[in-house]
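Numbering follows my numbering, in which position 351 of the first sequence is assigned residue number 363; successive positions increment by one, without gaps.
Read the hints as simulated data drawn from the structure, not as lab findings.
Careful: at least some of the hints might be erroneous.
Here are the simulated DSS-like cross-link-like pairs (lysine-lysine), alpha carbons at most 25 Å apart as the crow flies [stated by the list, open to error]: (1) Lys-297 <-> Lys-280; (2) Lys-264 <-> Lys-203; (3) Lys-378 <-> Lys-353; (4) Lys-411 <-> Lys-351; (5) Lys-400 <-> Lys-346; (6) Lys-267 <-> Lys-255; (7) Lys-323 <-> Lys-351; (8) Lys-264 <-> Lys-232; (9) Lys-422 <-> Lys-347; (10) Lys-383 <-> Lys-415; (11) Lys-412 <-> Lys-378; (12) Lys-411 <-> Lys-323; (13) Lys-255 <-> Lys-28; (14) Lys-297 <-> Lys-350; (15) Lys-428 <-> Lys-358; (16) Lys-378 <-> Lys-21; (17) Lys-203 <-> Lys-227.
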Amino acid sequence: MRQSKLFTKTKKQAPKDEKSINAILLERADFIYKEMAGVYSFLPLGLRVLKNIEEIVREEMNKISGQEISMAVLQPKKLWQETGRWSEGIGKSVMYKCEGNGKVGLGPTHEEMLTDIIRNYVQSFEDLPLYIYQIQTKFRKEARARSGLLRGREFKMKDLYSFHSSESDFKEYYEKSKKAYFQIFKRCDLKAIITEASGAGFTKEHTHEFQVIAKDGEDKIIYCPKLHFSQNKEISKFKAGDKCPLCKKILKQTKSIEAGNIFPLGIKYSKAMKAFFTDKDGKRKPIVMGCYGMGISRVMGAIVEIHHDQKGIIWPSQVSPFELHLISLEGGDKKISKKIKQISEKLYKHLQNSGVELLYDDREDKSPGEKFVDADLIGIPYRIVVSKRTLEKNSVEFKKRDKEKTKLVKIKEIDKFLKQLKIH
RNA sequence: CGGGGUGUAGUGCAAUGGUAGCACGAGUCCUUUGGGAGGAUUUAGUCCGGGUUCGAGUCCCGGCACCCCGACCA
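Please build the complete structure, drawing on both the sequences and the hints.
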């Protein structure tokens, strides 16, 4: 993509109505556009990041046999009445309600809707287990939206629901899902700590949250530095300074971002909504369910909270809007300037043809300083500069966003060099 | 939902109750080109509704929005 054609720019100053790092940087770099508190539109660069995270999540969910669907956002009151949640809990507190054909709610979560779908398809134990997920915009009337993408009223979420014929089968999958979650966070370059939390009305058992340590996080966890143990402070009987019940190391307390969570639903919904199956013994039983959530847009915010410096964002390569930032620095006399442009254009087309996703700063009216500042703010992990200085050595300059060092690479050897970096 | 704070140009800021100004951005022209370049010129604004006053960005009342703290948070 040519930067000269990108309709978004960058902002020199931080927006006055944001305090959190993710909101400030994402707005300055024009990844997102604020509509109101907790509601953002995603601009070209921001959407690319969001889609990359989505794709990582999709791949890992598919690996654990997830089947992707997309459920309706408008949810009939009738379904929510079956579980009593229209006038209790989440349906009462945070669901946006409006007049439709009768009353409808904008989906804050989808247990009711999916259980309804499933009860029409599952008849026997042979139809189970099932793992169904979607990646979709959720709506929640948060009393206090805050911290940019970390707590929104409208946000992108992956929610997977599992359906089992037995508790033991559920537990096996639950463990599998933990591994998938760790894999997702690893690919997003986030260190997630699996943390025990309350059942929050769903279950009497503990549920599990994936917490990312961050200064601006709104959760507090008590955790073992060796990660043998971590509990949400809300439920923990331990406190900082106590010894880890497993390894005896001193426990710490920290603020963190809840980037995902998984929990057993048991038969709460299947029983209330009569989602039964016929088991091997011929008896009708309620389906055992589990739920696995992950805030896609929140993960995007968390990545910025963790991966940035004074100058801007530093995207992990797998989620970066582009793999490479190519910058053309024209200058000097007209002849040289023209040559720089030629080489840059050639390189751009060549890299594009070889499948590299790159942003090409071809703007002719911007000073070198401005191009560098923009590049640092936008945060693409690898940068290539073509200038008078580099052409004198038949080279381009290569730099990693998070390193100061630059390296001259011969133009002929660019392909080989990028291959080493696993950029196509 | 309770407490505190803030609403002025596209953005960020200024303006004792008395002509709304500065910087950035954007437009035009010239010069410039390795870390937010210089000059000339143009552009656009007081959150909404009432009130006080000769006169309101400024004072009063009401509303709305945004930020922060807390409560809440499948």
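Please name the hints from earlier in the document that this structure breaks, with their numbers sorted from lowest to highest.
Violated hints (numbers, rising): 7, 13 and 14; every other hint is consistent with the structure.
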